[in-house]
Amino acid sequence: MQWQRRIAPYIFISPFFILYAAFHLYPTLWALYLSFFQQTGIGSAAKWVGLGNYIKLLSDDRFLKAVVNTSYYAAGSLFIILPAALLLGLAFNIRDLRASSFFRLFYFTPNITSGVVVAIIFGLVFDFEYGLINNWLLAPLGIAKQRWMQNAALIMPAIIIVGLWRYTGINALYFLAGLQNIPHELNEAAQIDGATRWQVFRHIILPLLRPVVLFTVVIAIIGSYNLFGEPFLLAGAEGGVRNAGLFMTMYLYLNAFRYMKFGYASAIGYALTLIILALSLLQLRLLGAFKED
Amino acid sequence: MAVRDMAMRQPRSEVRVTWLRVQRTIGRLLIYSGLIFLAVLVAVPFFYMISGSFKRNSEMFSYPLTLIPIEPILTNYERLLGGKEIPFTQQFANSALIAVTQTALSLFIASLVGWGFAKYEFRGKKPLFGFLLATMMFPGQVALVPQFLLMVKLGWLDTYWAVIMPGVAGAFGAFFMRQIMLGVPNELLDAGRIDGSSEFGLYVRIGLPLSGAGLSILAVLTFLGAWNNYLWPLIVLRTASKFTFPVGLATLFGLYKIEYGMILAGAFLATLPVLVIFFLGRNQFVAGITAGALKG
Chain A
50 MQWQRRIAPY IFISPFFILY AAFHLYPTLW ALYLSFFQQT GIGSAAKWVG
100 LGNYIKLLSD DRFLKAVVNT SYYAAGSLFI ILPAALLLGL AFNIRDLRAS
150 SFFRLFYFTP NITSGVVVAI IFGLVFDFEY GLINNWLLAP LGIAKQRWMQ
200 NAALIMPAII IVGLWRYTGI NALYFLAGLQ NIPHELNEAA QIDGATRWQV
250 FRHIILPLLR PVVLFTVVIA IIGSYNLFGE PFLLAGAEGG VRNAGLFMTM
300 YLYLNAFRYM KFGYASAIGY ALTLIILALS LLQLRLLGAF KED
Chain B
83 MAVRDMAMRQ PRSEVRVTWL RVQRTIGRLL IYSGLIFLAV LVAVPFFYMI
133 SGSFKRNSEM FSYPLTLIPI EPILTNYERL LGGKEIPFTQ QFANSALIAV
183 TQTALSLFIA SLVGWGFAKY EFRGKKPLFG FLLATMMFPG QVALVPQFLL
233 MVKLGWLDTY WAVIMPGVAG AFGAFFMRQI MLGVPNELLD AGRIDGSSEF
283 GLYVRIGLPL SGAGLSILAV LTFLGAWNNY LWPLIVLRTA SKFTFPVGLA
333 TLFGLYKIEY GMILAGAFLA TLPVLVIFFL GRNQFVAGIT AGALKG
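Taken in sequence, the protein lines are chains A and B. Under the working numbering, the letters of the first sequence match residues 50 to 342, in that order. Under the working numbering, the letters of the second sequence match residues 83 to 378, in that order.
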């Protein structure tokens with residue numbers, strides 16, 4: 050019995066770790082190795098280039114454009130989608146608000162819809178001639194029709210609008226979860242003491258929401274750098290007009306599976322990893338500092 | 083609460099109380115109109131997809147744009163299910179088979195590892211768990227090329243296994259099940275051991291039944307992830323009859339953009355199961371999401 054109890058945990062965890070090692074850890078290390086080689090296609094011989102791929106990335110205009118675009122989208126997530134979600138979460142948190150749970154679930158449905166389906170729907174929403182935005186939102190306001198997907202300046206705003214439609218609901222749920230953890234008494238006590246709503250929000254609610262803000266920011270950053278389906282299908286597989294819709298994961302995919310540059314694509318993967326790790330650490334520090342004030 | 087409200091209001095004059103009520107009503111009205119406006123913004127694209135699937139292309143691409151088809155037709159569905167352009171029913175079945183298999187396997191594996199980490203002390207536990215958490219920060223795409231090369235080596239290219247297996251052992255599922263299974267009382271395990279149960283028996287008879295809520299959350303999340311996944315199946319599947327529906331629909335979207343009605347019909351059919359699962363499991367779902375946010 051005793052020996053059974055000693056070896057049991059290893060038996061419980063081994064299927065997971067065997068599969069995890071085979072399908073995730075080994076490929077992750079293999080990618081690091083590959084990123085030091087020039088390899089084109091499956092059969093071809095790999096040529097050692099050291100840091101060559103990484104150096105090439107720094108002068109690859111398309112790669113730099115992809116970094117800028119992806120970061121543009123990430124900024125949109127942080128400064129447009131998350132604040133909108135926080136507002137919505139605050140609305141959900143109003144006591145005895147009727148039908149609140151209906152709204153919560155309803156705003157959430159775009160999030161569980163496949164990215165491909167979302168792209169198909171928004172292909173119609175952003176259509177120049179027969180699109181919903183041009184005809185139903187801009188026309189009544191007297192604004193001229195826009196070529197959303199053919200105008201380099203409008204592709205990113207359009208993709209952010211898709212993100213707003215798709216991710217505001219789920220982030221509002223995250224914020225609501227955090228808000229529900231804050232006792233109402235705290236709020237009331239401050240108001241009786243004469244604090245304005247803004248003061249209560251700024252000095253009581255926001256600091257207490259810090260863990261949830263941290264969580265949503267990390268998820269938003271990772272999600273932004275992972276985005277693939279929507280820009281790939283909406284802007285065009287190669288990134289659209291002047292690469293205005295080229296995202297990092299798209300560029301990785303293109304290099305790996307269209308141009309067959311396995312080494313170069315792996316280097317893009319590690320560049321992506323570095324950016325995500327750096328941003329996560331940076332915001333841990335920023336929001337960590339926020340804690341002390 | 084009512085008592086306290088009255089206590090607060092008592093010293094105020096009637097006029098002020100009425101004014102406060104008016105203010106409150108206006109506030110509520112504004113919030114409701116805002117919420118309804120947003121709900122319309124969420125609903126219209128969905129609704130336009132559904133209505134478009136019943137429209138002729140000539141109606142979809144002409145003025146005025148209609149929210150309800152003037153002349154509803156079923157041709158789009160007949161052509162889609164007829165299978166001349168793409169084997170949609172086959173692709174739909176592929177998606178279902180892949181998502182169900184991946185969900186079943188990952189629940190089994192995640193609950194095993196979660197049980198090991200939650201209920202046993204063993205050498206190497208802390209570093210292994212810490213390592214697992216650290217790898218969660220790595221984006222999955224970094225391993226995309228070698229994962230593809232691995233599938234080539236295994237001879238799995240263009241098979242369902244290539245789609246399923248990399249998704250079976252995920253760090254999130256392992257971490258999630260460990261958190262859930264920490265809640266199983268140790269006294270039950272001791273009692274089970276005294277009754278002569280094997281360690282695996284404890285997992286089957288105590289661990290799994292007492293983690294039902296957590297397992298159903300993970301099931302819904304895994305199923306949706308597998309059902310909607312696009313990038314990985316796009317890489318490893320080659321023939322149209324093996325495609326999952328996102329790859330199939332995306333191909334149709336790329337090739338026959340003119341046939342928008344048929345594409346919308348496919349998009350709608352592919353979204354239906356997700357909506358059904360979501361509304362059946364909505365409580366677990368919301369619980370799962372919020373648990374993630376609070377623990378994170």
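One or more of the hints may lead you astray.
Within a straight-line C-alpha distance of at most 30 Å, the following computed DSS-like cross-link-like pairs (lysine-lysine) qualify [what the hints assert, rightly or not]:
no., chain 1, residue 1, chain 2, residue 2
1, A, Lys-310, B, Lys-235
2, A, Lys-105, A, Lys-310
3, A, Lys-96, B, Lys-235
Here are the simulated distance ranges between beta carbons [said to hold, decoys possible]:
no., chain 1, residue 1, chain 2, residue 2, range
4, A, Glu-234, B, Gly-109, 50 to 56 Å
5, A, Ile-67, B, Glu-269, 55 to 61 Å
6, B, Ile-276, A, Phe-128, 54 to 60 Å
7, A, Ile-56, B, Gly-336, 30 to 36 Å
8, B, Ala-369, A, His-233, 17 to 23 Å
9, A, Leu-190, B, Arg-138, 27 to 33 Å
10, A, Leu-190, B, Asn-365, 36 to 42 Å
11, B, Leu-179, A, Ile-192, 32 to 38 Å
Partner residues aside, some chain B positions facing chain A, computed with beta carbon under 7 Å [unchecked claim]:
no., residue
12, Phe-143
13, Gly-198
14, Ile-276
15, Leu-362
16, Gly-363
It should be emphasised that the hints constitute simulated quantities derived from the structure, not laboratory data. The beta carbon of each residue, even a glycine, is placed where N, CA and C say it ideally should be.
Hints and how they fare:
For the proposed pair Lys-310 (chain A) and Lys-235 (chain B), the alpha carbon gap of about 18 Å is at most 30 Å, so the pair holds. About 13 Å separates the Cα atoms of Lys-105 (chain A) and Lys-310 (chain A), which keeps this hinted pair within 30 Å; it holds. Under the criterion of a C-alpha separation no larger than 30 Å, the hint pairing Lys-96 (chain A) with Lys-235 (chain B) is consistent with the structure, at around 20 Å. For Glu-234 (chain A) paired with Gly-109 (chain B), a C-beta distance near 21 Å fails the hint of 50 to 56 Å.
A C-beta distance of roughly 32 Å is found between Ile-67 (chain A) and Glu-269 (chain B), which places it outside the suggested range of 55 to 61 Å. Here the CB-CB span from Ile-276 (chain B) to Phe-128 (chain A) is close to 59 Å, well matched to the stated 54 to 60 Å. About 53 Å separates the C-beta atoms of Ile-56 (chain A) and Gly-336 (chain B), a value inconsistent with the hinted range of 30 to 36 Å. At roughly 21 Å, the beta-carbon separation of Ala-369 (chain B) and His-233 (chain A) lies within the given 17 to 23 Å, and the hint holds.
For the pair Leu-190 (chain A) and Arg-138 (chain B), the supplied restraint of 27 to 33 Å holds, since their beta-carbon distance comes to about 30 Å. For the pair Leu-190 (chain A) and Asn-365 (chain B), the beta carbons lie near 41 Å from each other, so the given range of 36 to 42 Å is met. The beta-carbon spacing between Leu-179 (chain B) and Ile-192 (chain A), approximately 47 Å, falls outside the hinted interval of 32 to 38 Å. The beta carbon of Phe-143 (chain B) comes within 5 Å of a beta carbon in chain A, closer than 7 Å, and the hint placing it at the interface holds.
Contact between Gly-198 (chain B) and chain A, as hinted, is supported at the beta carbon level, the nearest pair being about 3 Å apart and thus within 7 Å. Given the 7 Å rule on beta carbons, the hint for Ile-276 (chain B) is violated: about 10 Å separates it from the nearest Cβ of chain A. This hint is violated: Leu-362 (chain B) has a C-beta 12 Å from the nearest C-beta of chain A, more than the 7 Å allowed. At a threshold of 7 Å, the smallest CB-CB gap from Gly-363 (chain B) to chain A is about 11 Å, leaving the interface hint violated.
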